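2 protein chains.
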Amino acid sequence: MTDEQRIEEAVEEIDELAAVTRERDEYLDALQRLKAEFDNYRKRVARDQQELAARAHERLVRELVPVLDDLERALVAASEHEEAKLEEGVRLVHRSLADLLVREGLAEVETVGKFDPHTQEALLSQPSDEEEGTVIEVLQKGYRLGDRVLRPARVVISAGSDG
Amino acid sequence: MTDEQRIEEAVEEIDELAAVTRERDEYLDALQRLKAEFDNYRKRVARDQQELAARAHERLVRELVPVLDDLERALVAASEHEEAKLEEGVRLVHRSLADLLVREGLAEVETVGKFDPHTQEALLSQPSDEEEGTVIEVLQKGYRLGDRVLRPARVVISAGSDG
Chain A
0 MTDEQRIEEA VEEIDELAAV TRERDEYLDA LQRLKAEFDN YRKRVARDQQ ELAARAHERL
60 VRELVPVLDD LERALVAASE HEEAKLEEGV RLVHRSLADL LVREGLAEVE TVGKFDPHTQ
120 EALLSQPSDE EEGTVIEVLQ KGYRLGDRVL RPARVVISAG SDG
Chain B
0 MTDEQRIEEA VEEIDELAAV TRERDEYLDA LQRLKAEFDN YRKRVARDQQ ELAARAHERL
60 VRELVPVLDD LERALVAASE HEEAKLEEGV RLVHRSLADL LVREGLAEVE TVGKFDPHTQ
120 EALLSQPSDE EEGTVIEVLQ KGYRLGDRVL RPARVVISAG SDG
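Each protein sequence line maps, in turn, to chains A and B.
Sequential numbering from 0 applies to the first sequence in numbering that gives the first Met the number 0.
Sequential numbering from 0 applies to the second sequence in numbering that gives the first Met the number 0.
Hints listed in this document are in silico derivations from the structure and should not be mistaken for laboratory results.
One or more hints might be untrue.
Because identical chains share one entry, a pair is satisfied inside a single copy or across any pair of copies.
Dumping the calculated EDC-like pairs for lysine to aspartate or glutamate here, alpha-carbon to alpha-carbon at most 20 Å [as the list claims (entries may be wrong)]:
| # | residue 1 | residue 2 |
| --- | --- | --- |
| 1 | Lys84 | Asp69 |
| 2 | Lys140 | Glu107 |
| 3 | Lys140 | Asp98 |
| 4 | Lys140 | Asp68 |
| 5 | Lys34 | Asp24 |
Model, not experiment: these values are computed from the prediction.
With the sequences and hints as input, model every part of the structure.
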């Protein structure tokens, strides 16, 4: 390679250096802007989620206030020995709270048929004419919220017949 | 500048070109990875949104399950005409629910003293020995949750004495 050629080549490299430097600066700039955008997005999401959680919570607390009112009316009936009114009041409170919880997605765990370890807890096993492993008594209701088991149903299962 | 110097300088430029090219490639790589991460994050946020809304009040619903249990026990007592047990049950339910709501931040609106239009609603104004504008009777309790008034207290205020 002659010096002439070397110089020519070097000039090309210098042009390329300018181009690559410009690209590098552009990428760095884009990277920094994207980082800032991502950070802002993350912060906004965190803020939104907190607010969303607070709103969901507030709605539920708000709906519980009338239940508390009904309970207080029932207590007044109790203090005045108005048994029928008290009983009716308790029924009303129960219906309100149960309906509210169903609207919130609460559902009773099913307990018909074979024992299900995912949603039930067997506290006892007793001889019975029912097929072994069948739920024969529910000691405490279980509840699900959507896919999640909030509390398993506590049940007695059949140990099968002795014969 | 001699050819010697030019060549020396050109070699330096070539070294710099290599370095800048490496930087450019690194920034481009980082930019692409951050873009992908951001996209994934956005998708995950969208997916989480629904679940979060569902879970926001899960804790509260979970705490309400024992209140429902107590109510059901009270109903059993009612159906068996065990009045004392029914009354005690209702007291228990009331205490549980009231305590739970206090823990969740619910507070009664104060009604002592001068009428407060921000937290109270005057349903009636009656002549009374109390100073004009004073709350003289609470018809329905009001509730606050943090800074927000969930329900104003419904009150009767004094119209002052006729004399």
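Results of checking the hints against the structure:
1. Taking the shortest Cα distances, Lys84 and Asp69 sit within 20 Å of each other both inside one copy (11 Å) and across copies (19 Å).
2. In this assembly of identical chains, Lys140 and Glu107 lie within 20 Å of each other by CA distance solely inside one copy; the values are 7 Å within and 33 Å between copies.
3. Taking the closest pair of Cα atoms, Lys140 and Asp98 come within 20 Å of each other only inside a single copy of the chain (16 Å); across copies the shortest separation is 23 Å, beyond that limit.
4. Taking identical chains as interchangeable, the C-alpha atoms of Lys140 and Asp68 lie at most 20 Å apart only when they sit on different chains, with a minimum of 8 Å there against 26 Å within one chain.
5. Within a single copy, Lys34 and Asp24 get their C-alpha atoms as close as 15 Å, and across copies as close as 17 Å, so both meet the 20 Å cut-off.
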